[in-house]
Amino acid sequence: GAVVSQHPSRVICKSGTSVKIECRSLDFQATTMFWYRQFPKQSLMLMATSNEGSKATYEQGVEKDKFLINHASLTLSTLTVTSAHPEDSSFYICSAQRTGHRDTQYFGPGTRLTVL
Amino acid sequence: KQEVTQIPAALSVPEGENLVLNCSFTDSAIYNLQWFRQDPGKGLTSLLLIQSSQREQTSGRLNASLDKSSGRSTLYIAASQPGDSATYLCAVKGNQFYFGTGTSLTVIP
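Going down the list, the sequences are from chains U and F.
Each residue of the first sequence is one higher than the one before, counting from 63 in this note's numbering.
Each residue of the second sequence is one higher than the one before, counting from 66 in this note's numbering.
Here are the simulated lysine to aspartate or glutamate pairs, EDC-like style, with alpha carbons at most 16 Å apart:
| hint | chain 1 | residue 1 | chain 2 | residue 2 |
| --- | --- | --- | --- | --- |
| 1 | F | LYS66 | U | GLU121 |
| 2 | F | LYS158 | F | ASP132 |
| 3 | U | LYS82 | U | ASP127 |
| 4 | U | LYS103 | F | ASP104 |
Covered stretches of chain F (in silico footprint by chain U; criterion: 3 or more residues with CB under 8 Å from a CB of chain U, positions within the stretch not fixed):
| hint | stretch |
| --- | --- |
| 5 | 95-109 |
| 6 | 148-162 |
| 7 | 165-173 |
Keep in mind that the hints were calculated from the coordinates and are not lab data.
It should be emphasised that the depicted structure is a prediction, and the values quoted were computed from it without experimental measurement.
Cβ atoms here follow ideal geometry from the backbone N, Cα and C, with glycine treated the same way.
Only chain U is shown next, with the shape it has when bound in the complex:
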């Protein structure tokens, strides 16, 4: 089956620092990847859609200069949280859409970010 990995699975950082989260599709190519954020007791909210080789599309209310997304290859997308603040603490989940299969997304295991 299709596998999506995320690294790191858990990260703790100081306020003001930047954190990079990687999302990889391990056994398939993903032209499109998605980044979600989940606060405690809440559902997943789409932050941005990342297309290989082009700029990401951000959802309303998501600061593109704060959440930098790079999708440089068909198997890797990265999310960088810049100048992190405690309110950025959340569970970040990526998903990958297999190239040519618009209907299906495969989800990564998530990254727990804690900003002190």
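Once you've looked at the hints, dock chain F against the given chain U.
Using the frame of chain U, we list chain F on its own:
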């Protein structure tokens, strides 16, 4: 904008009971609907995927139905087990995935 609602928000049942989780959505223009399981602090595990043209899907003790015209889906779990305890999310796929807020299920041994 698509809105997805799940009822109940939390459910506690004794082991062995059959149960139904509900999901409703406001826009019937969807490609598919998917049910996920999420364990505390973990990612999503896909349980069942129903294409917009389908009415139901079954996998083991799980059965999911879809009534696209009325904007409803149900997830039926037969003979519940303590290992079924988790949060169950439904998500509808239009231009993007829209997730419900989930039903937290506890199965009591």
